[in-house]
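Enquirer: Please build the complete structure, drawing on both the sequences and the hints.
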Amino acid sequence: MNIKKIAIAFVMFGLVAIASFSYYIYSIMLVSNTAFNGKEAFIFIPTGATYQDVRSDLEPLLKDVETFDVLAQQKKYTKNVNPGRYRITKGMTNNDIINSIRSQNMPIKLTFNNQHSLEALAQRISTQIEPDSLSLVQAFTDEKFLKDHGFTSETALSMYLPNSYEFFWNTSPEKFRLKMLKSYRRFWNDDRKEKAKKIGLSPTEVSILSAIVQEESKQQSEQKRIAGVYMNRLKKRWPLQADPTLKFAAYKLPAYKDKIIKRLLNTHKTIQSPYNTYMYKGLPPGLIAMPDLSAIDAVLNYEKHDFFYFAASPNRPGFHNFSKSLSGHNKNARLYHNYLNKKGVKN
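In terms of the working numbering, the sequence shown opens at residue 1 and continues consecutively.
FYI, nobody ran anything at the bench for these hints, they're computed from the structure. Hints should not be assumed to be uniformly reliable.
[As the list claims (entries may be wrong)] Restraint-style ranges between C-beta atoms, simulated for each label pair:
hint, residue 1, residue 2, range
1, LYS39, SER164, 21 to 27 Å
2, ASN338, ASP148, 48 to 54 Å
3, LEU340, SER164, 35 to 41 Å
4, SER172, GLY344, 49 to 55 Å
5, GLN104, ASP132, 45 to 51 Å
6, ASN338, ILE108, 48 to 54 Å
7, GLY91, THR127, 56 to 62 Å
8, HIS149, LYS76, 26 to 32 Å
9, LYS343, HIS305, 48 to 54 Å
10, PRO60, LYS343, 53 to 59 Å
11, LYS198, PHE319, 52 to 58 Å
12, GLY91, HIS149, 24 to 30 Å
13, PRO46, ASP69, 37 to 43 Å
[Said to hold, decoys possible] Quick list of in silico lysine to any residue cross-link-like pairs, SDA-like style, CA-CA up to 25 Å:
hint, residue 1, residue 2
14, LYS247, SER183
15, LYS236, LYS252
16, LYS236, ASN341
17, LYS198, PRO285
18, LYS90, LEU62
C-beta: ideal position from N, C-alpha, C; glycine also.
Expert: Below is the structure:
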């Protein structure tokens, strides 16, 4: 009788132990362990982060970080931390969270508009993905990479087309520039290459001219007409006399650092620079800005007309008046200069 009771006691103890262990495992793996109020939260795990780094970021989001530690150890996550951007949704268990941050790196939508330099582009990109602006600039200006793919330091900006892209947050500078190169090559398809060939320009030259058109006017409705003016000048071997290139040349000089040129003067036309298109014929050696895709297509599909001049319109800010003759242009220019004088704009 005593043996039977002892056996039953052992069995009951075993059942209780199994139940307790099962509940312990259940509480570690299958019970919700999120402590935030919203529907979701994101954590960003830097390259080279340790488990302790991840734990510190997770702790405010969890009800019980110690049970998370136990499961992370069991699943060997503590020694296999992966960088990236990860989502945790309300109600997730420890098991769900570990599965998410182990392998479900989520991409971000990265966007940039027409930046004026590689440095400005790097600064913009560095606010959206992990690499800092310095490492991005180094990748953008790498001489071997540029030479291998047909770019120079002056034309490198043409490789970056303003748009929205999908990237992983922890994308390296090298992988970023490679994806931009692939996007550039897709953009310059056979159709666009053929159009460039027909107008006598290379894709890089199209980008250089497009940057000038972009800086002349943000109005897409007149970009093709402006492009036509410059194409007429190139065909006649006239100087482009593009005011934005003068500003670009001026801003490279210490005297114009941190200044905004609102009005171009004759003194600006004497600046010694290959970007001074009043002084030198043809296209400048590089881009003065990053053109929008609309400006590139405006050059490729420029309006064919007899205009050789244009001046800013005093009556329609942002737009221009076009003329076929120098006398007509002088009249339009005087109207705009009088407008600036009335506004008190002197430089």
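Enquirer: It remains to establish, for every hint, whether it holds in the given structure.
Expert: So, going through the hints one by one against the coordinates:
Checked against the hint of 21 to 27 Å, the pair LYS39 and SER164 passes, with Cβ atoms roughly 24 Å apart. Between ASN338 and ASP148 the beta carbons are some 53 Å apart, a value that agrees with the proposed interval 48 to 54 Å. A hinted range of 35 to 41 Å holds for the C-beta pair LEU340 and SER164, which are about 37 Å apart. In this structure the hint that SER172 and GLY344 lie 49 to 55 Å apart at CB holds, the actual value being about 50 Å.
At roughly 25 Å, the beta carbons of GLN104 and ASP132 sit outside the given window of 45 to 51 Å. Roughly 50 Å separates the CB atoms of ASN338 and ILE108, a value that falls within the hinted 48 to 54 Å. Evaluation of the 56 to 62 Å hint for GLY91 and THR127 yields a failure: the beta carbon distance comes to about 31 Å. Taking 26 to 32 Å as the suggested C-beta distance range, the pair HIS149 and LYS76 does not conform, at roughly 41 Å.
Checked against the hint of 48 to 54 Å, the pair LYS343 and HIS305 fails, with Cβ atoms roughly 30 Å apart. The supplied range of 53 to 59 Å is met by PRO60 and LYS343, whose beta-carbon atoms lie about 54 Å from each other. In this structure the hint that LYS198 and PHE319 lie 52 to 58 Å apart at CB is violated, the actual value being about 28 Å. The given range of 24 to 30 Å is broken by GLY91 and HIS149, whose C-beta atoms sit roughly 48 Å from each other.
Checked against the given bound of 37 to 43 Å, the beta carbons of PRO46 and ASP69, roughly 20 Å apart, lie outside it. Between LYS247 and SER183, the direct Cα distance comes to roughly 30 Å. Violation of the 25 Å bound is thereby established for this hinted pair. For the suggested pair LYS236 and LYS252, the alpha carbons sit about 29 Å apart, so the restraint of at most 25 Å is broken. Restraint check: the Cα-Cα separation between LYS236 and ASN341 comes to about 33 Å, which exceeds 25 Å; the hinted pair is violated.
For the hint linking LYS198 to PRO285, the alpha-carbon distance of about 21 Å falls within 25 Å, and the restraint holds. Between the alpha carbons of LYS90 and LEU62 the distance comes to roughly 10 Å, so the proposed pair stays at or under 25 Å and holds.
Hint compliance for this structure: hints 5, 7, 8, 9, 11, 12, 13, 14, 15, 16 are broken, all remaining hints hold.
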